[in-house]
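Kindly produce the complete structure, drawing on both the sequences and the hints.
2 protein chains.
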Amino acid sequence: MNKSIPAFLSKFFTDEEITTLKEKGVICSDQFKDLAFLRLSSEYKTFHRGAIFYEKGLAPGYPRIMRILHLENGINRYFKNKFYVEEKMDGYNVRVALINGVPLCFTRGGFVCPFTTDRIQDLIDINFFNEYPERIICGEVVGPGSPYNTEVIPYVKEDVAFFAFDIVDENSNHLPAEERYRILEQYNIQQVRKWGPFSSSDAGKIKEIIIELDKEGREGIVIKPVSSGKSVKYVTLSSCLRDLQATAHLITELPAGFFMQRILRAVFFCHEFGIPFSSDYLMNSAKTLYLIPEQTLKGISEGENIKETFDIRVNNRKTIDDLMHHLNRSDIRTQLISVEKTGKYHRARFHRIYIKGTKELRHRLTGYGFFD
Amino acid sequence: MNKSIPAFLSKFFTDEEITTLKEKGVICSDQFKDLAFLRLSSEYKTFHRGAIFYEKGLAPGYPRIMRILHLENGINRYFKNKFYVEEKMDGYNVRVALINGVPLCFTRGGFVCPFTTDRIQDLIDINFFNEYPERIICGEVVGPGSPYNTEVIPYVKEDVAFFAFDIVDENSNHLPAEERYRILEQYNIQQVRKWGPFSSSDAGKIKEIIIELDKEGREGIVIKPVSSGKSVKYVTLSSCLRDLQATAHLITELPAGFFMQRILRAVFFCHEFGIPFSSDYLMNSAKTLYLIPEQTLKGISEGENIKETFDIRVNNRKTIDDLMHHLNRSDIRTQLISVEKTGKYHRARFHRIYIKGTKELRHRLTGYGFFD
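Line by line, the protein sequences give chains Y and G. Going by our numbering, the first sequence opens with residue 41, and the numbers climb by one from there. Going by our numbering, the second sequence opens with residue 41, and the numbers climb by one from there.
Do not take every clue at face value.
Claimed, not checked - Computed footprint of chain Y on chain G, listed as stretches where at least three residues anywhere in the stretch have a Cβ under 8 Å from a Cβ of chain Y:
(1) 87-99
(2) 282-296
(3) 325-337
No wet-lab data here; the hints were simulated from the structure. Just so it is clear, CB atoms sit at the ideal spot from N, CA and C, and this is done for glycine as well.
What follows is the structure, given as structure tokens:
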């Protein structure tokens, strides 16, 4: 066997597959403290993107969830059997797994998140892993103290909170919803809100839930079968506008489809719910799409960069450096502004600077032409 | 030599190049009536996309023109020497070339446009070709009788008009601006409006021209060096909104970048000209981006397709069939509604039906999920 191929990978792939996947950069070697592991950077066979392979096992990637734009027709199409409705929250997805006795938090892409790993013991009762050492808790980390998200979350006032929405068992299966609800409750691990069980004839009730979530400034729902099968997601009208508001300064950084998709989702929402677009919604959208980029451009003309500011709390000072390292990518840079000790935490403020988006605006502003 | 390679191509490419370019579909065989010709479907070496090769010669492709988003800085960057400003019109680009004694009109992509070829003698004085049989007139066809454009043109009330903006000589060189102005005037061939010559210190004057064009509902300008060099284009604020209004029903047909680019152009315009976005502009944009797609979606829910309606006039009945054939592509279909004789013309009304955009809306509406 190829010396560079760890023996544990052979449980999952042939040697030939491993060589090819490594060459293509699909299998990536990674390390967090003492743990050497391999990360799948895109889906392959039955493994999802972000799957983690290590000496003693596997942490499966979190599956992508289909989006529907027509709630009632989507429910009728995909749910012949009973289902639960769970709140879809607006943060970032992590999988918490006990590896070599330590709970590690993996991002969707299969990186260890230094921030979440540092804070996980503050967020959930990790005694869960005494009883279920081989299970993985999947959840959303939400709040103004997030190192990834800038969208304003009206229901988490400070720092971050963890909301569990899945448990993966030792055989890589997702636990049935009711079993998950019970176990998480037993360990007092905070869960996303849930409603149900419902059947497809209850579409009217689901629409009422959506209207309620929309009013409360919540993102949307994930509909999950009681037993097994596909889940689907659906978002509220207000979340489409909040997404635009949180990202319009990134007009030259994010793909154009990001913005147009939000408009299309809103159009489908109003069509299905028979709600005319209010003047406020229209005007706020336009102000977001034109005036925020205009402010960004003004900043660029004054020598600024496109940036976002974060304010986080961690237990260990070193986590801040690990996080900066984790966040630095070729086209996004991190700039630490301040670190101070407040109570038990180290509080860090930092910027993320968007190189690509900044460069495009600066080029255009200085008169460079381009072909479109 | 390979039997399938026409001898005249060997004037431009080696046999090996020809074989490769044909295999890749870069050189495509085409035919219009008696004329067999070859079309370049993407740029290769010094040849632009849309170049035409035929037995007796070459009709070069029309070069792409760089867009600038900051007028003054763009002028300073690209124009060290004198330049003219010409109006950029909102229609479609054709090249008129005399081939085997017949004036043929080629589209940007290098297809013969049956409509323009049918009508060219009504639009320009083709005696031009008696004196200059090897020259090519490049211009924009504009008006409500266009088979390609649906944007409302306030200054052409009916049918179509031709506005020349370039002459290519027998050596594939673009004539110097002043020589072109003179010759076109001599043949009374309608030209795009022009201002100048200017130097880069006149940026203030160019900005005044833009403000004037903006008020008049015109698209923008192309800045062309007096002698030789790069041209650049720049568009008005109002044209960005008109583009959105003309295409918002194609939200699922056109790339998202099409729409976001118009927003970005408007943002740059207001920044440079120090014009705050008016409430009207913002509200009209939002209505366009949300309410037009909402109407489109309503139509789809009632069983309609996304379509546009055209109303054109031609001299020969057969042109209509040729045009329908020309317009039919894999994802856009044409539907002839009516043909009637009015005066000297055959008047045809037809729809273009957008299959891709329709299918996406219909799928989403019937509840199909998707990954994004």
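Verification of the hints:
Counting residues of the segment 87-99 of chain G whose CB lies closer than 8 Å to any CB of chain Y gives 0, which falls below the minimum of 3, so the coverage claim is violated. With a cut-off of 8 Å between beta carbons, the segment 282-296 of chain G has 4 residues touching chain Y; three or more are needed, and the interface restraint holds. Three residues within the 8 Å Cβ limit are the bar, and the segment 325-337 of chain G against chain Y gives 9, so the coverage statement holds.
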